[in-house]
Amino acid sequence: KNQVEQSPQSLIILEGKNCTLQCNYTVSPFSNLRWYKQDTGRGPVSLTIMTFSENTKSNGRYTATLDADTKQSSLHITASQLSDSASYICVVSFGYSSASKIIFGSGTRLSIRP
Amino acid sequence: SQTIHQWPATLVQPVGSPLSLECTVEGTSNPNLYWYRQAAGRGLQLLFYSVGIGQISSEVPQNLSASRPQDRQFILSSKKLLLSDSGFYLCAWSSLGFGVTDTQYFGPGTRLTVL
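Residue numbers (the numbering used here), protein chains in the order written: chain A, 1 to 114; chain B, 115 to 229.
By construction, these hints were calculated from the structure, which means they are not laboratory data. Accuracy of the hints is not assured; some may be wrong.
Simulated coverage check for chain A against chain B, where a stretch passes if three residues somewhere in it have a Cβ under 8 Å from a Cβ of chain B [what the hints assert, rightly or not]:
1. 42-49
2. 100-112
Between beta-carbon pairs, the in silico distance windows are [stated by the list, open to error]:
3. T124(B) with L82(A): 23 to 29 Å
4. Q72(A) with S209(B): 38 to 44 Å
5. S134(B) with D69(A): 43 to 49 Å
Keep in mind it's a predicted model, so treat the numbers as computed, not measured. We treat Cβ as the ideally placed atom computed from N, Cα and C, and that holds for glycine.
Assemble the whole structure, with the sequences as input and the hints as a guide.
Structure (structure tokens):
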């Protein structure tokens with residue numbers, strides 16, 4: 001069964017601390033994995049995109065990793081800020097180009113406390 | 115630069131009433147267009163996508179339909195709303211399809227409440 005699971009479901013950390021969010025997937029054939037940030041009541045905004053051959057990608061204080069062998073990805077946030085409070089969504093694309101599919105994880109809700 | 119618009123921003127409709135949500139994209143040509151629904155506390159669910167005018171693919175059977183009358187216009191409709199249609203509806207566009215390394219850009223969303 002093709003699925004994407006994220007953990008934890010929610011997370012509260014203090015401002016300035018680091019955190020890591022997890023995404024495990026079981027899809028085949030894998031195409032790419034994306035992390036999105038979604039502020040409450042807004043549309044998601046792309047943070048990173050990684051293909052099979054990429055194992056790390058950074059976007060400012062956000063660093064995503066991908067282990068295609070274990071089918072796991074993580075999103076590491078460094079020196080968290082209050083504006084990082086949002087839901088973080090892992091999205092996996094799979095399938096062949098003529099029949100590509102996409103699955104969204106249910107997200108991790110991150111709250112940064114001052 | 116490209117921008118994506120959705121309206122209305124919020125909508126409250128009675129059960130059994132019709133629905134029309136509109137999405138338009140500016141600053142690009144021949145975009146792929148998508149409609150998603152996000153139920154409270156749940157992940158995004160792809161409803162429809164379109165690779166061109168008049169070309170609509172449905173991902174899940176449902177009470178909704180989509181149309182693309184113009185290159186940069188995508189409409190989500192229903193003849194009779196159900197309570198289960200409540201949710202946050204997001205439109206998105208991309209230059210390429212899902213399976214290639216391309217970003218989807220999301221609109222601001224429409225919050226639909228069916229009573």
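Outcome of the hint check:
1. Restraint check on the segment 42-49 of chain A versus chain B: 6 residues with Cβ-Cβ distances below 8 Å, three needed, restraint holds.
2. Only when three residues or more bring their CB closer than 8 Å to a CB of chain B does the claim for the segment 100-112 of chain A stand; here the count is 7, and the claim holds.
3. One distance hint, 23 to 29 Å for the beta-carbon pair T124(B) and L82(A), holds here, with the actual separation near 26 Å.
4. Checked against the hint of 38 to 44 Å, the C-beta distance between Q72(A) and S209(B) comes to roughly 29 Å, which is inconsistent with it.
5. Taken as a hint, the range 43 to 49 Å holds for the pair S134(B) and D69(A), whose Cβ atoms sit roughly 47 Å apart.
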